[in-house]
Structures are given as C-alpha cells and as structure tokens.
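Sequential numbering from 383 applies to the sequence shown in my numbering.
A few of these clues could be false.
[Claimed, not checked] Cut-off 30 Å, straight-line C-alpha distance, at most; resulting in silico cross-link-like pairs (DSSO-like, lysine-lysine):
(1) K689 to K547
(2) K547 to K428
(3) K540 to K689
[What the hints assert, rightly or not] DEER-style ranges, computed between Cβ atoms:
(4) Y477 to P530: 20 to 30 Å
(5) L682 to V406: 17 to 27 Å
(6) E532 to L649: 31 to 41 Å
(7) Y687 to E526: 37 to 47 Å
(8) Q436 to A679: 31 to 41 Å
(9) Y687 to E434: 55 to 65 Å
Simulated from the structure, these hints should not be mistaken for lab results.
Here a beta-carbon is modelled for each residue, glycine too, at the ideal position from N, C-alpha and C.
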Amino acid sequence: MQPIYTPQGATSRPPTLGGLSMLVGFVLIGGVVSTLILFVLLALGKGMGLAEAQTYLAALATQPAKSPGSWYELMTLQAVNHLGTFLLPSLAYWYLIERRTWSQFNSRSLWQVAGTGFVAVIVIAFMPFDGLIIDWNQNLHLPETLAPVEQWIRDKEKGLEDITKYLTTFRTPGQLLMAFLVIAIIPAIGEETLFRGILQRNLSYWTGNVHVGIWLAAALFSAIHVQFLGFFPRMLLGALFGYLYLWSGNLWIPILAHFVNNGFTVLMVYLHQQKVTSMNIEDTETVPLAGALISGAFTLVLLYYFKKSNDQQAAISPER
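Start from the sequences, fold in the hints, and give me the full structure.
This is how it looks when you write it as structure tokens:
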C-alpha cells in the first residue's frame, strides 16, 4: 500500500508551496462559483434577473425578517456557500492536485481509535472554559492608537448580530433539523477536511513541527470566520480539534468533535427557546470563574486519557 501522511508528519509525497497556492485558488474559485450559484438559484426561484437577485440577497442578509420564508432561504444559501467554499474545493485539491483518496486522510482506521466515545464528553466539558475565553475576548481592547480599528470591528460584529439571532431562532422541529444539517453537519465535514485534513497536515510538514502546524491551522480556522471578538476561543477550539486528529490519526474524530460542538449548541439553544431548560448556552457571562477553571482542568484530564489510550492502541496496532 502506498504510504500516506500521518498526523505525526510522515508523507511519501511532500506538499509544496505551489500546492498551497492551488488550494487557495480552489477555495477562491469555489467561493465565486458558489456565489454565482446562489444568484442563479434566487433568480430561478423568484423569477427575477441576476442583478435583482443580487439586490434581493443583500436585503435578505440585512433585514431577513421582512421577507416571508427567508429563514429557509438563508439556510439553503448558507449550505450552498459552505459546500462551495470549503468542502468541494478541499476535495478537488486533495483528489486532483495531491492525487489522494479520502482514506489517506487517516493513518489509522476508525475502529483502531481508542476512546471515540470520550470525544463528545471532551468537547462538552471544554465549553464552560471556552465560554470564559469568549467573555474575555469580547472585552479585550486594542491600544488607543488602534481605537478606530477596534470601533470598526465592533460595528461589524454588531451588524452580524441581527442575522445571527434570526438564523438561530428555531420555531419548529423542522427548523431544528435544518439547523443541524447547515450549522453542524456540513461545517464539521467541510471545515475539518480543509483545516485539519489538508492545512494542518501541510503546515506540519513545512514547519517541521506538528504543534506549530496545529496552532497555525487553528489560527487560520478562526480568522476565516471574520469574527475578531471571538478569535481566541475559536482558535482554542480549532487547536482542540487538531490535537484530537493528531492523537487519533483519523479525520472522522475532529469531524465528530466539530459536529458535537455545533450540534450541542444548536440543541441547547432550541431547548432554551422552547423553555425546556432555563440555561442559555449563548450567555457566556453566566459562566462562573471556578466552574470555567474546573472545566478547563477536566478537559485536560480527558485529553490526557485520550492521548494515552491512543498511544497504547498505536503500539498494539501500528499505523499504516
């Protein structure tokens, strides 16, 4: 069997900087093509021209509640955009440029991974600590000389609040299922394929240090969301996914972790809105400091157990 990359850094076909430029090109082209597809879908669905569709989409993004049925429209458009920007360009690069297969994202098969059941526990245990970092990041201020930049950032973030709140208001079980697909399943597969499967792998090779590769990929993962007031907590989350990939040797593990993070949040938001629970998972200010620190410590213990279990499993079942 042809040797493949492992998260520890081995590869039979070293990634090149030229390949990186191709990957960036694929992502940019995917973003443009998916945007054009959005316009075409709107034009066909609404019986309007492409220019009118562009105007309608802009209005939909700024004042979604004024358009009947806009929740499902925006969710569908978001799904198309995400597939076109993340998953499809990543697979095109992986299959056409590096000429590999999906199985070559993995140095070990899923059944060889120890502690898979702990992945959900690790992610949920990490949430209170990450909530503390979210609260800290939101209250972080730039130096006085960069005050205009900070104000611009905060204005941009505030401009996204209305549409975010609109899209995370789930009135029916059907909307909940749609949210699971668009917010949890599609991003988990697409973003982990790009950031962990490809970028983390390549950055680890180029820098010669897997930890540097993990944190660089995590920083890019956070930056591409263009939400600067949440940069650090999202980077920590990306690093968590990166280490789960490193220690498990299987891309489905960070995909599962990403799905649990997003899906659990969606479910808790829905239960809060339905008054099933009084806990508002989006309110990070309610996380007590002691609880957040215990959360962080417990997460480290679980990660240590996950790593140790997989080190032992690797010794029993050597990587391919």
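Against the structure, the hints come out as follows:
Simply put, K689 and K547 have alpha-carbon atoms about 37 Å apart, too far for the 30 Å limit, and the pair is violated. Under the criterion of a C-alpha separation no larger than 30 Å, the hint pairing K547 with K428 is consistent with the structure, at around 25 Å. Simply put, K540 and K689 have alpha-carbon atoms about 40 Å apart, too far for the 30 Å limit, and the pair is violated. Distance hint check: the CB atoms of Y477 and P530 are about 45 Å apart, inconsistent with the given range 20 to 30 Å.
Range check, L682 to V406: about 35 Å between beta-carbon atoms, so the 17 to 27 Å window is missed. At roughly 34 Å, the beta-carbon separation of E532 and L649 lies within the given 31 to 41 Å, and the hint holds. Separation of Y687 from E526 is about 46 Å and conforms to the stated range, judged on CB atoms against 37 to 47 Å. Between Q436 and A679 the beta carbon distance is about 50 Å. The supplied range of 31 to 41 Å is therefore violated.
Distance hint check: the CB atoms of Y687 and E434 are about 57 Å apart, consistent with the given range 55 to 65 Å.
In this structure, the hints that do not hold are numbers 1, 3, 4, 5 and 8, in rising order.
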